[in-house]
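Student: So you can see what is in the structure, the chains are spelled out below.
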Amino acid sequence: MPRALALAARPFTAAWWYLKEVMGENAYVHYLESFERRHGTREGAMGEREFWRDLTDAQDRDPKARCC
Amino acid sequence: MSVEIVRTEESLPPVAVVEKPRWTPAKIALWAAIAIIAALGWIMVAFVRGENLSASWFVAAAVGSYLVAYRFYAKFIEWKVCRPDPRRATPAEINDNGRDFAPTDRRVLFGHHFAAISGAGPLVGPVLAAQMGYLPGTLWIIFGVILAGGVQDYMTLYFSTRRNGRSLGQMARDELGRTGGIIASIGIILIMVILIAVLGIVIINALAESPWGVFSIACTIPIALFMGIYMRFLRPGRVVEVSIIGVVLLILAIVAGGWVHSDPTWSAVFHLDKTTLAWCLMIYGFFAAVLPVWVLLAPRDYLSTFMKIGTILLLAVGIIIANPTVQMPAVTVFAGNANGPAFAGTLFPFLFITIACGALSGFHALISSGTTPKLIEKESQIRLIGYGGMLMESFVAIMALVAAISLDKGLYFAMNAAEPLTGGTAQGAAEFINTKLGMPGVTTSPEFLQQAAANVGEPSIVSRTGGAPTLAMGMANILHGVFGGPAWQSFWYHFAVMFEALFILTTIDAGTRVARFMLSDLLGNFHRKFRDPSWTVGAWLTTLVMVGGWGSILIMGVTDPLGGINTLYPLFGISNQLLAAIALAVIFAIVCKSGLAKWAWIPGLPLAWDLIVTMTASWQKIFSSNPKLGYWAQHSAYKQALDAGQTELGTTKGVAQMEAVVRNTFIQGTLSIVFAALVLLVVLMALYVSIKAIRTHVFSTSEEPFVETRMFAPAGLISTKAEREVAAEWAASGKAPERVGGAH
Chain S
1 MPRALALAAR PFTAAWWYLK EVMGENAYVH YLESFERRHG TREGAMGERE FWRDLTDAQD
61 RDPKARCC
Chain P
1 MSVEIVRTEE SLPPVAVVEK PRWTPAKIAL WAAIAIIAAL GWIMVAFVRG ENLSASWFVA
61 AAVGSYLVAY RFYAKFIEWK VCRPDPRRAT PAEINDNGRD FAPTDRRVLF GHHFAAISGA
121 GPLVGPVLAA QMGYLPGTLW IIFGVILAGG VQDYMTLYFS TRRNGRSLGQ MARDELGRTG
181 GIIASIGIIL IMVILIAVLG IVIINALAES PWGVFSIACT IPIALFMGIY MRFLRPGRVV
241 EVSIIGVVLL ILAIVAGGWV HSDPTWSAVF HLDKTTLAWC LMIYGFFAAV LPVWVLLAPR
301 DYLSTFMKIG TILLLAVGII IANPTVQMPA VTVFAGNANG PAFAGTLFPF LFITIACGAL
361 SGFHALISSG TTPKLIEKES QIRLIGYGGM LMESFVAIMA LVAAISLDKG LYFAMNAAEP
421 LTGGTAQGAA EFINTKLGMP GVTTSPEFLQ QAAANVGEPS IVSRTGGAPT LAMGMANILH
481 GVFGGPAWQS FWYHFAVMFE ALFILTTIDA GTRVARFMLS DLLGNFHRKF RDPSWTVGAW
541 LTTLVMVGGW GSILIMGVTD PLGGINTLYP LFGISNQLLA AIALAVIFAI VCKSGLAKWA
601 WIPGLPLAWD LIVTMTASWQ KIFSSNPKLG YWAQHSAYKQ ALDAGQTELG TTKGVAQMEA
661 VVRNTFIQGT LSIVFAALVL LVVLMALYVS IKAIRTHVFS TSEEPFVETR MFAPAGLIST
721 KAEREVAAEW AASGKAPERV GGAH
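As you go down the protein sequences, you meet chains S and P in turn. Just so you know, we're using UniProt numbering here: the first sequence kicks off at 1 and counts up by one. Just so you know, we're using UniProt numbering here: the second sequence kicks off at 1 and counts up by one.
Treat the hints with caution; some may be incorrect.
List time: in silico SDA-like cross-link candidates among lysine to any residue, alpha-carbon distance up to 20 Å [stated by the list, open to error]: (1) S:20 to P:244; (2) S:64 to P:517; (3) S:64 to P:100; (4) P:529 to S:62; (5) S:64 to P:522; (6) S:20 to P:309; (7) S:64 to P:521; (8) S:64 to P:291; (9) S:20 to P:238; (10) S:20 to P:291; (11) S:20 to P:100; (12) P:735 to S:41; (13) S:20 to P:517; (14) S:64 to P:186; (15) S:64 to P:531; (16) S:20 to P:717; (17) S:64 to P:292; (18) S:20 to P:247; (19) S:64 to P:248; (20) S:20 to P:107; (21) S:64 to P:244; (22) S:64 to P:170; (23) S:64 to P:735; (24) S:20 to P:248.
Reference excerpt, derived from the structure (chain S facing chain P, CB under 10 Å, subset only) [said to hold, decoys possible]: (25) 5; (26) 7; (27) 12; (28) 22; (29) 34; (30) 35; (31) 41; (32) 43; (33) 48; (34) 52; (35) 54; (36) 57; (37) 59; (38) 62.
Worth flagging that the hints you see were computed from the coordinates, not collected in a lab. All C-beta atoms in this analysis are idealised placements derived from N, C-alpha and C, irrespective of residue type, glycine included.
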């Protein structure tokens, strides 16, 4: 009964998806999607390693506040 | 239900669905049921009270009220003032760069925004306010968020979104003029300094003389460094993976802390006093602010977010399953006098500033302008993220309150009475509570307090002021009943201390860095080179100034002969609420300048209340002749005593200690005056521009020009049927721009 199984797994896959999104794990994927939207191609986009490096380095110049 | 489909371009599927709900009998029944649950909760909490009141009534009153407020009041604000335009593109869509500007799924952004606004504040304030009984705190947390905190967060987020995500300081400059902007910026920097310092005191009070706590918190630094290297060089982008590794290491650190605690040699190594810890915190804060973000700040932020989600869920589950019985009365004698040990002052105004985060927090305006508005897909989602996010934080505050009020009363007051009152010993604390506390019905014994300390693996729990240890005790009390049993009490206690420390350290790291940039920006007006972020000397100098600023207040607080936190916490609350006054004043001006003066009471009501509260509190802190309350009264009382050659006054013994009080009260008194003056100036300027706009009928604000949207996203938390159909249409058209987080 793969259908029942898929149905039972749904809350777990949803929770996993949400956790990854909120933690920012998919930032690179979304960067690529955004790049493609803007340029019509993924050519010329940063590589994965370069992207993550750039992401934290950008925060050096523009820090985000965390509340109390 | 009337459904209007909005299109901006013929070739594209619709960009929005505007639905006007119609009241069906089922809907009316649903909302009536929610209202009845809320009312029942309130009746039980406010009127029936009695013995054995269980925590679930607080949850019912809170959640029921939140739902009603979100559905009716927030919607009302949306209709009358914000008026989201379904055809208008948001900054995220216009400036999309896949990074700080990026259309982000509303549910994900809700999580991001909540993680950014919530920290230690909503956990600590309600715990301290519990000394007045649970009812005043509960009323303020719930009604405060509905009428003040939610309104501020929602409207700031909305107006900033309409202004390309500009910061509060920039909006103040645009709307109030250059002088108003500079005054607001100075106020914001000063207020951040105080906030960081007081949070530092809170955490030092939890860690001082606690080898277990110090060891496990110290471990978070190498853990974060390891995570940073892992993310940078080993497996970039594996955020969840590295966070899970971090949390496992963190739990190991808590367990290892127990071994350190029971080993005499190691226990001595990590047994640090408050002053040493304060210096450690300052050195740490300096390096955290100048080192590259990837080394310490980014990994710590991941860890903190992960723990935040986990622990808040854990606490919610714990409260619902354990359903603890409330021990504290609805209203205590300390609501009627100014003698409460946890913080000084009467219910009005001091309850309303002690509970800042959770009801109304000005700091949120810094997140709601700047960061979050650049990620919003649709204006119609701002109610969910701004108002909804704040409701969530309010619920965290209610949970913290429940944790505190379900503790034994004697234990609560023994933990929250400052050391000069208890002498720091179980005997002294028991004697103080049994004979001098002044609250009938509260008794305790030294044996009981000693046992309570032993249960959580601490040498003593007497005079662990500041709220964080009490909350940890309350959480341990609730969680060990659900997870693990009595043997786990010490683990949960240190788990809770750890997670509060993690929040606070993250705020200190990020806050110092942000404040450093604000200072560079301000100094850049006089010396251009400060604007260059790659100028190392400038970065180090400005960081040193900021750390020196909060560090000196921190040292002052931890060495304060009168207990520190009970005199400084009001200053923390006042500054946070004053920041809220700046934000609400800017919102008020924008509403009037948009020609909506008729609805200016929506931000005007919380602004007026906030001003009454903060100005009364500031007035009392500055002018009160009661030395327990007024900084200057205390200042002169000690000065006169010293001049008269006395060597002790009240609980303060020795000339050096008395001189410290004279010095501390001078600084606290001066800061109170400066803050109040800065905020009054901003409010007056806001009133001036508002009245000018109403008189001259010249309505103009700094709103960005309209750009038509080319994308679709649902408005509420759950998509409606019509929205799902439009989403399917986009998917079928093949033109759907994939949104951030929209893959699901």
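Student: Against each hint, give a clear statement of whether it holds in the structure.
Tutor: Here is what the structure says about each hint:
This hinted pair checks out: residue 20 of chain S and residue 244 of chain P have alpha carbons roughly 12 Å apart, not beyond 20 Å. With a CA separation close to 11 Å, the supplied pair residue 64 of chain S and residue 517 of chain P stays within the 20 Å bound. A threshold of 20 Å between alpha carbons decides the hint, and for residue 64 of chain S with residue 100 of chain P the separation of about 10 Å falls inside it, so the pair holds. The suggested pairing of residue 529 of chain P with residue 62 of chain S holds, with an alpha-carbon distance near 17 Å, which does not exceed 20 Å.
Between residue 64 of chain S and residue 522 of chain P the alpha-carbon distance is near 18 Å, which keeps this suggested pair within the 20 Å criterion. Restraint check for residue 20 of chain S and residue 309 of chain P: satisfied, since their Cα atoms lie roughly 12 Å apart, inside the 20 Å limit. A threshold of 20 Å between alpha carbons decides the hint, and for residue 64 of chain S with residue 521 of chain P the separation of about 15 Å falls inside it, so the pair holds. Pair hint residue 64 of chain S plus residue 291 of chain P holds up; C-alpha atoms about 15 Å apart against a cutoff of 20 Å.
Annotation: proposed proximity of residue 20 of chain S to residue 238 of chain P holds, straight-line Cα distance about 10 Å (limit 20 Å). Pair hint residue 20 of chain S plus residue 291 of chain P does not hold up; C-alpha atoms about 27 Å apart against a cutoff of 20 Å. Distance check on the hinted pair: residue 20 of chain S and residue 100 of chain P sit about 18 Å apart at the alpha-carbon level, within 20 Å; holds. Taking the CA atoms of residue 735 of chain P and residue 41 of chain S, the gap is about 15 Å. The hint holds against a cut of 20 Å.
Proximity of residue 20 of chain S to residue 517 of chain P is assessed by CA-CA distance (about 30 Å); at most 20 Å being required, the pair is judged violated. Distance restraint check for residue 64 of chain S and residue 186 of chain P: the Cα-Cα separation of roughly 19 Å lies within the 20 Å cut-off, and the hinted pair is therefore satisfied. Pair hint residue 64 of chain S plus residue 531 of chain P holds up; C-alpha atoms about 17 Å apart against a cutoff of 20 Å. The suggested pairing of residue 20 of chain S with residue 717 of chain P holds, with an alpha-carbon distance near 19 Å, which does not exceed 20 Å.
A distance of roughly 14 Å separates the Cα atoms of residue 64 of chain S and residue 292 of chain P; the hinted pair therefore holds under the 20 Å criterion. With a C-alpha separation of about 15 Å, the suggested pair residue 20 of chain S and residue 247 of chain P falls inside the 20 Å cut-off, and the hint holds. Restraint check for residue 64 of chain S and residue 248 of chain P: the C-alpha separation of about 26 Å exceeds 20 Å, so the hint is violated. Under the criterion of a C-alpha separation no larger than 20 Å, the hint pairing residue 20 of chain S with residue 107 of chain P is consistent with the structure, at around 12 Å.
Under the criterion of a C-alpha separation no larger than 20 Å, the hint pairing residue 64 of chain S with residue 244 of chain P is inconsistent with the structure, at around 23 Å. Of the pairs offered as hints, the one joining residue 64 of chain S and residue 170 of chain P holds, with about 16 Å between alpha carbons and a cut-off of 20 Å not exceeded. A threshold of 20 Å between alpha carbons decides the hint, and for residue 64 of chain S with residue 735 of chain P the separation of about 33 Å lies outside it, so the pair is violated. For the hint linking residue 20 of chain S to residue 248 of chain P, the alpha-carbon distance of about 18 Å falls within 20 Å, and the restraint holds.
For the restraint placing residue 5 of chain S at the interface with chain P, the shortest Cβ-Cβ distance is roughly 19 Å, beyond the 10 Å limit, so the hint is violated. With 10 Å as the threshold, the beta carbon of residue 7 of chain S stays out of range of chain P, its nearest partner Cβ sitting at about 16 Å, so the hint is violated. Hint on residue 12 of chain S is violated. Least Cβ distance to chain P is approximately 13 Å, over the 10 Å limit. Taken as an interface hint, residue 22 of chain S checks out: its beta carbon lies about 4 Å from the nearest beta carbon of chain P, inside 10 Å.
Of the supplied interface hints, the one on residue 34 of chain S holds, with its beta-carbon coming within about 3 Å of a beta-carbon of chain P, less than 10 Å. At a threshold of 10 Å, the smallest CB-CB gap from residue 35 of chain S to chain P is about 6 Å, leaving the interface hint in force. Proximity of residue 41 of chain S to chain P is violated relative to the hint, the smallest CB-CB distance being about 14 Å (cut-off 10 Å). Against a cut-off of 10 Å between C-beta atoms, the interface hint on residue 43 of chain S is violated, since the closest Cβ of chain P lies about 15 Å away.
Checking residue 48 of chain S against chain P by beta carbon gives a least distance of about 6 Å; that is within 10 Å, so the hint holds. Checking residue 52 of chain S against chain P: minimum C-beta separation of about 4 Å stays under 10 Å; hint holds. Hint status for residue 54 of chain S: holds, given a least beta-carbon distance of 9 Å to chain P, under 10 Å. The beta carbon of residue 57 of chain S is positioned within 10 Å of a beta carbon in chain P (closest approach about 7 Å), and the interface hint is therefore held.
Below 10 Å, beta-carbon pairs count as interface contacts, and residue 59 of chain S has one with chain P at about 4 Å; its hint therefore holds. Satisfaction of the interface hint for residue 62 of chain S is found here, the shortest Cβ-Cβ separation to chain P being roughly 7 Å, below the 10 Å cut-off.
Against the hints set out earlier in the document, violations occur for numbers 10, 13, 19, 21, 23, 25, 26, 27, 31 and 32.
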